[in-house]
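These protein sequence lines are chains A and B, in that order.
Residues in the first sequence are numbered from 1 upward in steps of one, following the working numbering.
Residues in the second sequence are numbered from 1001 upward in steps of one, following the working numbering.
Hint data in this document are derived by calculation from the structure and do not stem from the laboratory.
Possibly wrong hints are sitting among the right ones.
[Unchecked claim] Below, computed lysine-lysine pairings styled on DSS-like, alpha-carbon distance capped at 25 Å:
#1 A:K89 x B:K1119
#2 A:K132 x A:K100
#3 A:K89 x B:K1069
#4 A:K95 x A:K109
#5 A:K132 x A:K74
#6 A:K95 x B:K1207
#7 B:K1207 x B:K1273
#8 A:K132 x A:K55
#9 B:K1252 x A:K74
#10 B:K1296 x B:K1331
#11 B:K1119 x A:K95
#12 A:K89 x B:K1252
#13 A:K55 x B:K1069
#14 A:K100 x B:K1069
[Unchecked claim] Here are some chain A residues pointing at chain B (derived, C-beta under 7 Å):
#15 A81
#16 S88
#17 T93
#18 G96
#19 P99
[Said to hold, decoys possible] Here are some chain A residues the structure puts well away from chain B; computed CB gaps all over 12 Å:
#20 D37
#21 L90
#22 A106
#23 S116
#24 S123
#25 N126
#26 K132
#27 V133
Even for Gly, the Cβ is constructed at its ideal location relative to N, Cα and C.
Given next are the chains, with one letter for each unit.
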Amino acid sequence: MQIIKIVLLAAMCCVGAAQAEIAVVVNPANNNAVTADELSRLFLGRTSNFADGSKATPLNLAEGQAARDEFDSKVLNRSAAQLKAYWSKLVFTGKGTPPKELADDAAVKAAVAADSTAIGYISSGNVDDSVKVVATF
Amino acid sequence: MIKKSLLALTLAGLFTAPVYADVTINGFASIKAGMTLGSDEQLYGYSDELDFKNESLFAVQVMSDLGEKLSVTAQLMGRGREDFDAEFEWAFVSYQLTDDMQINAGRLRTPFYRYSDFKDVGYAYDWARVPEAVYNLDFDNIEGVSLYRTATLGDFDSTLQLIAGAFDGDAVVTGLTVQAKIDSILGATWELSRDWFSVRLAYLAGKTTLSNPDVDGLTAILNASGLAGVASAIDVDEESSSFMGVAFTVDKNDWVAVAEVTRTEVDDSLIAKQNGYYISLGHRFGSMTPYISYEKRDNDAKRDIIAMLPQGVPAALAQGVTEAVERFEVKRDAWNLGLRYDFHPSAAFKAQFTRLNNDITNDDASLLTVGVDLVF
Chain A
1 MQIIKIVLLA AMCCVGAAQA EIAVVVNPAN NNAVTADELS RLFLGRTSNF ADGSKATPLN
61 LAEGQAARDE FDSKVLNRSA AQLKAYWSKL VFTGKGTPPK ELADDAAVKA AVAADSTAIG
121 YISSGNVDDS VKVVATF
Chain B
1001 MIKKSLLALT LAGLFTAPVY ADVTINGFAS IKAGMTLGSD EQLYGYSDEL DFKNESLFAV
1061 QVMSDLGEKL SVTAQLMGRG REDFDAEFEW AFVSYQLTDD MQINAGRLRT PFYRYSDFKD
1121 VGYAYDWARV PEAVYNLDFD NIEGVSLYRT ATLGDFDSTL QLIAGAFDGD AVVTGLTVQA
1181 KIDSILGATW ELSRDWFSVR LAYLAGKTTL SNPDVDGLTA ILNASGLAGV ASAIDVDEES
1241 SSFMGVAFTV DKNDWVAVAE VTRTEVDDSL IAKQNGYYIS LGHRFGSMTP YISYEKRDND
1301 AKRDIIAMLP QGVPAALAQG VTEAVERFEV KRDAWNLGLR YDFHPSAAFK AQFTRLNNDI
1361 TNDDASLLTV GVDLVF
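Put together the whole structure using the sequences plus the hints.
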C-alpha cells in the first residue's frame, strides 16, 4: 500500500510539473481588470461586456490544445464534456453560441493584438509585447 | 433520407442567400435501443422486442445571423417513431433588443419544464430520457412570442422568460388522443443560478379546448338527457388551465442532484389535476456518471362529477361517465438506475434500467435502454 501511495504521489508531482501556467491576455489598449469570476462569466456566455461596459469578444483555443484543458478545468471548473453539454443547452435553444475557437496560441495572440475587444488565453511562455496579461492561472 | 438532405440543403440555401449572413449549422442525434424485460410488458413505446427506432432521432439546426441584431433559427428533426420524417421542431426569428434582452417569435418550445428547451438533446443531460412522470404534457411547441431578459443579481444570474402564444394540433392527454386547442397562453419562467446551484419557477395559463369522439359522444348524450350540468363539468371547452413547476439543480464536487415538481389543472372538465415529481442523484467519476432517480405521478380522478349524476340515470350512461372520469386516475412511480459514459468528446454512451409500478392497472414493467447521444 505504501509503495502504491508513493508511486501515486510521484506521478502526481510529475503531472503537476508538466502543467504550464496559462496567461489571460487582452489588447494592450484595454485597461479593464478581469477577475476570475468575470472571466468565467465571459467564457460561459453569461456576459458580453468588460467591467467598464465595453464589448468583450472571448476567444477560445481549439479543443486538444494544452492551455484549453487547463483553462476549462482551472477557470471554468468544468470538464470538456461538461462544457460541451453546457453549450449544447444554449446552442440548441437559440440562447447563445460558444466563443470562437482559434487553432493555437499564435492565432489567439494575433487576434487579441488586432482587436481591442478581444480576450483570450495562451501558455505563459508564449506571451510577448503584442498583448497584455490580465491574469495567470 | 434524400428528401431530408434536400430539405436541409434548401434550408441552408435559404439562409445563406444574403452574402453577409453568418450561418452556423449544428446538429444532434440519439441512437437508442430498448426492450422491456418481461413478456407483454409495454413502456414508453417499447415492448419485449428489441426496438431501435422508438427513441432515436436526428436533428439539424441552422442559425443565421442576419446582422443588425436579427437572427433566424430553424431546427429540423426526424424522430424514429415517426419514421424519421423531418419536421420543423421550431423556427423563429430573434431580435436582440439590448445586450440582455431578446425577443423570439415563431414556433417556440413551450417552456413548461427545466429541460423542455433541450429535452431532445440527450447529450445535454445524464439520463437516457427526461423523467416521464413530469415530462408528459404533449404540447411541446407553441406558436407565439417570447421575451428573454438576463440580469445579474448579486452572485446569481437571473433569466426571466415571458411567453405568449397558442397551440393547435393533435395531442395525447393521459393516453387519450385529442384534438387540442389552447388559446391565450401566457406564461413566465424565472431561473436563478450561480456556479453550482439553480432554481427555476414556471407558471403558464391558457384556455384549453379538447375534443375526442368518445368524450364528445358522451356529452351529447348527457345534454340530450337533460344533464347539461354534468356535460359541462365533463367537456373541455375553453376551460381555464394552468401549469406550475419548480425545479432545483445542484452540481457540486462532482455530485449532480436534480428535482422537479409540477402540477397541471384544467378547470371544469374531466381532466384530473396532474401532479408529478422526480428526484435524481448522480456522481461524476471522470468520464463515468452513474445516477439513480425516482419519479412519481399522482392524479386523482374527479369523482365529484360522477356524484353529480342524479338517481335513476340509465346504468349505461352512469357507467360511461364513470369510465370517462376514472381513466384520468394515474398512480404510478418508477425507479431509474443508469450510467452515462463520455467515451468521445462529442458523444456519450448511456444505459438505463427503469422499473415502473402502476398501482391502477397493476401492469408493472422493467425497461432496459442503451444508446448513444451525440452533438455535432
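For A:K100 and B:K1069, compute the direct alpha-carbon distance and say whether it is at most 25 Å.
Holds, at roughly 18 Å.
Under the criterion that the straight-line Cα-Cα distance not exceed 25 Å, is the pair A:K132, A:K74 satisfied?
Judged against 25 Å, a Cα distance of about 20 Å means the pair holds.
Taking 7 Å as the limit, does the beta-carbon of A:G96 come near enough to a beta-carbon in chain B?
Hint violated; A:G96 Cβ to chain B Cβ min 10 Å, cut 7 Å.
Just to be careful, I want the Cα atoms of A:K89 and B:K1119 compared with a cutoff of 25 Å; is the pair within it?
At roughly 9 Å apart (the allowed maximum being 25 Å), B:K1119 and A:K89 satisfy the hint.
Could you check that no beta carbon of chain B comes within 12 Å of the beta carbon of A:K132?
About 24 Å separates A:K132 from the closest Cβ of chain B, which puts it past 12 Å; holds.
Consistency of the no-contact label for A:S123, given chain B and a CB cut of 12 Å
A:S123 is indeed farther than 12 Å from all Cβ atoms of chain B, at 21 Å.
Status of the stated non-contact between A:D37 and chain B (beta carbon gap over 12 Å):
violated, 9 Å
Taken at face value, is the distance from the CA of B:K1331 to the CA of B:K1296 at most 25 Å?
Within the cut-off at roughly 8 Å; holds.
Below or equal to 25 Å on CA atoms is what counts here, so check A:K132 against A:K100.
holds, 20 Å
Could you grab the alpha-carbon distance between A:K89 and B:K1069 and see if it respects the 25 Å cut-off?
The given pair, whose Cα atoms are some 21 Å apart, holds under the 25 Å limit.
Assertion that A:A106 lies outside the chain B interface [Cβ separation over 12 Å]:
It holds; A:A106 is separated from chain B by about 23 Å at its closest Cβ, greater than 12 Å.
Quickly compare the C-alpha distance for B:K1207 and B:K1273 to 25 Å and report which way the hint goes.
holds, 16 Å
This entry does not satisfy hints 4, 6, 18, 19, 20, 21, going by the numbered hints stated previously.
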